[in-house]
Amino acid sequence: GLMRQASCPNCGGPIEFKLGSSLAQVCPFCRFSVVRTDRSLEALGRVADLVPSAAELAPGDRGGLGPEGQREELVVGGRLQLDHGQGPWDEYFVELTRQRRWAWMTKSQGRWKLMFPTQPTGPLPSWSQMSPGAQGTLPGAPGTWTVQERGSSTLISAEGELPEPARSGEQGHYVDLVGPDGGFATIDYGDGSQAPKLFVGRVLQNQEVAFQKTAAGPRDVQRVDAARLRCPNCGAPVPILAPDITDRAACASCNSLLDFQQGQLVFLKAIEQHRQRPAIPLGSEGELFGEKALVIGFMERGVHEDGQLFTWREYLLHTDSGYRWLTEDDGHWTYLSPCSAAEVEPAMGGLNMKRGGKRHRLFSTANAHVRYVAGEFYWKVETGQTADLRDFIRPPNVLSEERTASEVVWSVGRYVEPDALWKAFGLEGKPPKRTGVGPCQPNPASLRFGCLTFLALALGLCAVSGVVSAGEEKVVFQQALNVPVTTRNEPDPLGTYAVLSAPFTITKASPLGVTVATSANNQYVGVNGALIDEASNEVREFYADAGYYSGRSGGESWSEGSRNDTTYLPRVPAGTYRLRLDPYWTSFPQPGGPLGNVAPTLRVTVQSGVTSGMGFFCALCLLVVPFLLIFFRYAGFESRRNQKSNVTQNG
61 GLMRQASCPN CGGPIEFKLG SSLAQVCPFC RFSVVRTDRS LEALGRVADL VPSAAELAPG
121 DRGGLGPEGQ REELVVGGRL QLDHGQGPWD EYFVELTRQR RWAWMTKSQG RWKLMFPTQP
181 TGPLPSWSQM SPGAQGTLPG APGTWTVQER GSSTLISAEG ELPEPARSGE QGHYVDLVGP
241 DGGFATIDYG DGSQAPKLFV GRVLQNQEVA FQKTAAGPRD VQRVDAARLR CPNCGAPVPI
301 LAPDITDRAA CASCNSLLDF QQGQLVFLKA IEQHRQRPAI PLGSEGELFG EKALVIGFME
361 RGVHEDGQLF TWREYLLHTD SGYRWLTEDD GHWTYLSPCS AAEVEPAMGG LNMKRGGKRH
421 RLFSTANAHV RYVAGEFYWK VETGQTADLR DFIRPPNVLS EERTASEVVW SVGRYVEPDA
481 LWKAFGLEGK PPKRTGVGPC QPNPASLRFG CLTFLALALG LCAVSGVVSA GEEKVVFQQA
541 LNVPVTTRNE PDPLGTYAVL SAPFTITKAS PLGVTVATSA NNQYVGVNGA LIDEASNEVR
601 EFYADAGYYS GRSGGESWSE GSRNDTTYLP RVPAGTYRLR LDPYWTSFPQ PGGPLGNVAP
661 TLRVTVQSGV TSGMGFFCAL CLLVVPFLLI FFRYAGFESR RNQKSNVTQN G
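Under our numbering, think of the first position of the sequence shown as 61, with each following residue one higher.
For the record, the hints were derived by calculation from the structure and aren't laboratory data. Be careful, since some hints might not be right.
[As the list claims (entries may be wrong)] List of simulated lysine-lysine pairs, DSBU-like, C-alpha gap at most 35 Å: (1) K352 to K414; (2) K257 to K78; (3) K257 to K352; (4) K167 to K273; (5) K257 to K273; (6) K490 to K167; (7) K440 to K257; (8) K493 to K352; (9) K167 to K440; (10) K352 to K490; (11) K483 to K493.
[What the hints assert, rightly or not] Computed beta-carbon distance windows for the label pairs: (12) T157 to G200: 23 to 29 Å; (13) G196 to D143: 24 to 30 Å; (14) G129 to G200: 31 to 37 Å; (15) Q195 to T495: 25 to 31 Å; (16) R548 to A695: 50 to 56 Å.
The beta carbon of each residue, even a glycine, is placed where N, CA and C say it ideally should be.
Working from the sequences, and respecting the hints, build out all of it.
This is the structure we're talking about:
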């Protein structure tokens, strides 16, 4: 096996390798990088001193990975300090003691990431091919992966045991990717002289990992007085509320941009910005959607479009689950959480996006710049910084993409009612007045509710109509009538051809249908009728008519109208009745058709239990009216929403 104890080949100090998976170490006495073999240690050169960074862990710290009560022990072997041009970050070499398996751990934006060395099953894509947002497969890691960040790094320093030697100033390239089920991967391309290395793991939930600071010896200066810090330029208080994620702060008193290093604020430069007053004061605490949140940062962003400046405000929140954002635009508020790019997939040619199988439509695009900053932030924020933004909406939800040349970040958000927000943070006064319709503001007129309600009522109407019409239909009277030999345009005022029928009985109250069947051909037949109650002499008058016409025009035959007609009498009580019928007819000869000189025949039939479809149709029309009101209210709201959209697709 490999040597576990020896003396440093540079200074002679004792060196012990406690982790079986480590191959190199930084001598704690002379800070030389040494590598071990099965026979000796070899010194490779001095490693630069550590940059004070208030690292969370130190070599020798122990922790647990997994659900509480079932955690596997982790041991911190060593630490790398790297810089990607915006300040140092730490990566920790850890070993799982039971598995004797090593991994890299790093923390960003309040979340730990754990990555194991993985042997690729094929050639890895080149660094230049891995543009942010690109998707594809990784040989050796199942599923589809999305490039989240592509960058370059410089090794600043190191300490403790490591899986390979550390050389200060060593430069390299890397790509971070996100995958299914919280997957996270890094491809380390190094300086290009060797094959790239693949590390695959996942983003850990906060409750999955816990560390105890068990390492002996000195540690980096802790940030114990972060809440009492003052601006080094003007002396105003600049309390750091979330020291574990803060990289940069801005003094709201003198507009100084400050760097947060080793528990201290370092003046970087004065920034030109118009002082803004956050509607939610920094330091405010509240609870939104089950998460306790602390407001730690505030910025204003803007975009120039068609010669106009449009601005909105963003609040950075710190929670136990990581960072969150609150955005406010024209009095409309949205609560945003980080979202893995692996959860988002294009739809409809990329114009829309899907998350969880639900489509979000593209609403706006912008090249936004930072106009004002105050408080603290987890990245090196500066006024003037730009990013390309895209918002995809599915009210009350939104998917937001922020893209730079090196990184793409997704967030998922939901609309927050201003009054509920003010109550959640216990704020005084009233929230800013809302103007227009917010991009993901829920529509108060639910088209789905309107459709379902209309459908339910229409089905109910059909059921009722079916019950009514399911009654027994019975012929209670039928008789052929003589019609006048000559034509008339109206009934004979003397009643020459009027007929009084024999009595007939209606056994139970029901509607009646009176049908007139004729042999009309280019003729119109009308019947003035009356239903007479034998007992009370009550008269119900009605009128029935029929007209049928045919001929030839341009060598083609045509016809229109009907020889039959039915008129309906509403609910008629049981009893004995007679009909008084007074028919007449007139002729309307058509080119190429009969002259209609011969008087048509006429037969009248009365049926009980017959209903008219007109009542059903009228009732259905009444149901449509409220649905149309809901539809127009819904459409008007969406029209006002789309006035804020700057893309052509609004469907």
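Quick one, are K440 and K257 close enough, alpha carbons at most 35 Å? holds (28 Å)
Below or equal to 35 Å on CA atoms is what counts here, so check K257 against K273. holds (30 Å)
Could you grab the alpha-carbon distance between K167 and K440 and see if it respects the 35 Å cut-off? holds (16 Å)
Between K483 and K493, does the CA-CA distance stay at or below 35 Å? holds (16 Å)
Given pair status - K414, K352, alpha carbons within 35 Å: holds (28 Å)
Given the hinted pair K352 and K490, is their Cα-Cα distance within 35 Å? Cα-Cα ~22 Å, so holds.
Range hint compliance [Cβ, Q195 to T495, 25 to 31 Å]: Since Q195 and T495 have Cβ atoms about 38 Å apart, the given range 25 to 31 Å is violated.
23 to 29 Å as the expected CB spacing between G200 and T157, which holds or is violated: holds (25 Å)
Restraint check for K257 with K78, where alpha carbons must lie at most 35 Å apart: holds (25 Å)
D143 and G196 - C-beta distance against the hinted 24 to 30 Å: holds (29 Å)
If you draw a straight line from the CA of K167 to the CA of K273, is it 35 Å or shorter? OK: K167 and K273 at ~16 Å, within 35 Å.
Supplied distance hint 50 to 56 Å, evaluated on CB atoms of R548 and A695: The hint (50 to 56 Å, Cβ to Cβ) holds, given that R548 and A695 are roughly 54 Å apart.
Consistency note: the structure conflicts with the earlier hints numbered 3, 6 and 15.
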